[in-house]
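> Next come the chains, spelled out residue by residue.
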Amino acid sequence: MPDAAGLELIAQELNEVAPGSVSGTYHEHGQACLIVSPERVLDVLRWLRDTPGQEYRFLASLHGADYLPARPRFGVLYELLNMPRVERIRVRAALDDPGEGSLPEIDSCVELFPTAEFHEREVYDFFGIVFRGHPDLRRILLPEDYVGWPLRRDFPIGGEPVIFTRDEPSVPRWFE
Amino acid sequence: MEVRREKLRALAPLDEPKPPAELRIRQLRARDLLRGDLSAEELERYAEESVVTTRLEQMLAWGRANSVFPATFGLACCAIEMMSIVSPRYDVARFGAENMRASPRQADLLILSGRVSIKMAPVVRRIYDQMLEPKWVISMGACSSSGGMFGNYAVVQGADKFMPVDIHVPGCPPRPEALIYGFNKLQRKILGNPDPGWRRRYNAEGTEEWAHGAGAPTPEERSAYQAAREAVLTAERGA
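Protein chains in written order, with this note's numbering: chain G, 289 to 464; chain D, 5 to 243.
Hints are computed from structural coordinates only; laboratory data are not their basis. Errors might be hidden in some of the hints.
When the alpha-carbon atoms are kept at most 25 Å apart in a straight line, the in silico SDA-like pairs for lysine to any residue are as follows [what the hints assert, rightly or not]: (1) D:K123 x G:S311; (2) D:K123 x G:V418; (3) D:K123 x D:L136; (4) D:K123 x G:L430.
From the derived model, a few chain D residues whose C-beta atoms are all more than 12 Å from chain G [what the hints assert, rightly or not]: (5) A125; (6) N156; (7) R179; (8) A239.
Predicted model, so just to flag it, every value in this text is computed and none were measured. All C-beta atoms, glycine included, are put in the ideal place defined by N, C-alpha and C.
Let the sequences and hints guide you as you build the complete structure.
Here it is in structure tokens:
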């Protein structure tokens with residue numbers, strides 16, 4: 289686990305190698321996170337994977353997040369692990385919502401980490417984030433004809449009103 | 005709670021052995037009946053003692069209600085409770101439904117034990133369609149009856165949206181006793197309504213699906229089928 293100072297060093301080196309890639313960092317609960325711009329996420333991941341002294345070779349998880357009132361709205365999070373040192377670092381790519389009718393896009397990292405294939409399909413399935421260059425971007429868990437991105441915050445929760453007879457006197461026929 | 009301990013003998017007076025002389029008399033009378041030696045009065049008394057009359061439908065329903073074969077089909081956590089009804093502690097064998105069949109072709113009761121996700125719903129429906137009539141469905145627990153706590157994007161809000169359900173058992177999960185009680189209710193239903201077809205029970209006649217391999221029926225076939233069905237129905241209604 290890089291400590292806060294080590295995280296700042298990594299961020300500085302990254303900004304020298306790939307200018308404008310790291311826009312922020314945070315270090316909370318002993319977890320280090322780099323906030324990167326989605327255009328440079330592949331450079332960041334490749335640098336973290338291949339640079340001697342870093343060598344985060346294992347992508348433990350890749351997931352999406354929706355921070356709806358905040359901007360940029362979406363996040364794609366890469367949890368990297370260095371196995372010999374047992375050090376973890378998180379990379380968060382912050383994506384903007386392109387608006388109605390189009391989906392946010394980010395580069396696929398399947399070339400770097402083959403395990404990301406199913407992870408990216410899952411993120412696409414639930415958040416509607418398109419991974420450019422993914423070999424087979426389809427829904428993975430939901431039915432293939434499902435409409436909508438159910439883990440987005442503006443997706444309706446669903447369910448149905450339960451018809452309680454106690455509500456009938458105050459609001460007659462409320463369930464219609 | 006007071007525990008009542010009764011002597012087994014008192015519980016089963018019918019098993020009291022009859023005196024041997026009486027048994028011998030009955031044997032002789034049965035032999036005389038078979039030979040045709042009983043006079044009219046004796047024959048009448050013999051019939052009153054040893055023959056029960058009923059309707060064929062009622063007898064069939066009685067047989068069906070007391071020999072239900074549930075499908076071995078668990079959907080979620082309720083399935084654990086469903087499994088325990090066949091255990092010696094709850095013992096649904098008392099009511100004749102202990103024989104869980106692994107094939108829907110051999111089952112006539114489907115217990116929906118758990119939430120039905122929208123991806124599972126077509127599978128459940130296919131299993132139901134594969135069962136031979138007469139067939140019944142118990143929706144076990146809150147989830148399969150109404151969606152339960154899973155009011156979200158992935159779960160069907162009540163399995164009766166896509167298939168006919170006879171009995172809903174509430175609970176989360178229902179205790180095995182509750183499921184057995186629901187099963188007893190189903191037995192009452194089978195006994196009281198001997199009609200075996202769910203389509204008539206749910207006013208869904210004419211919704212039969214056709215096998216894919218056979219191709220869609222021609223209009224002549226369809227009308228012939230409808231005519232035959234109408235004839236059967238009118239005959240039954242007239243009877």
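> Out of the numbered hints, which ones does the structure contradict?
As far as the earlier hints go, 1, 5, 6 are violated by this structure, in ascending order.
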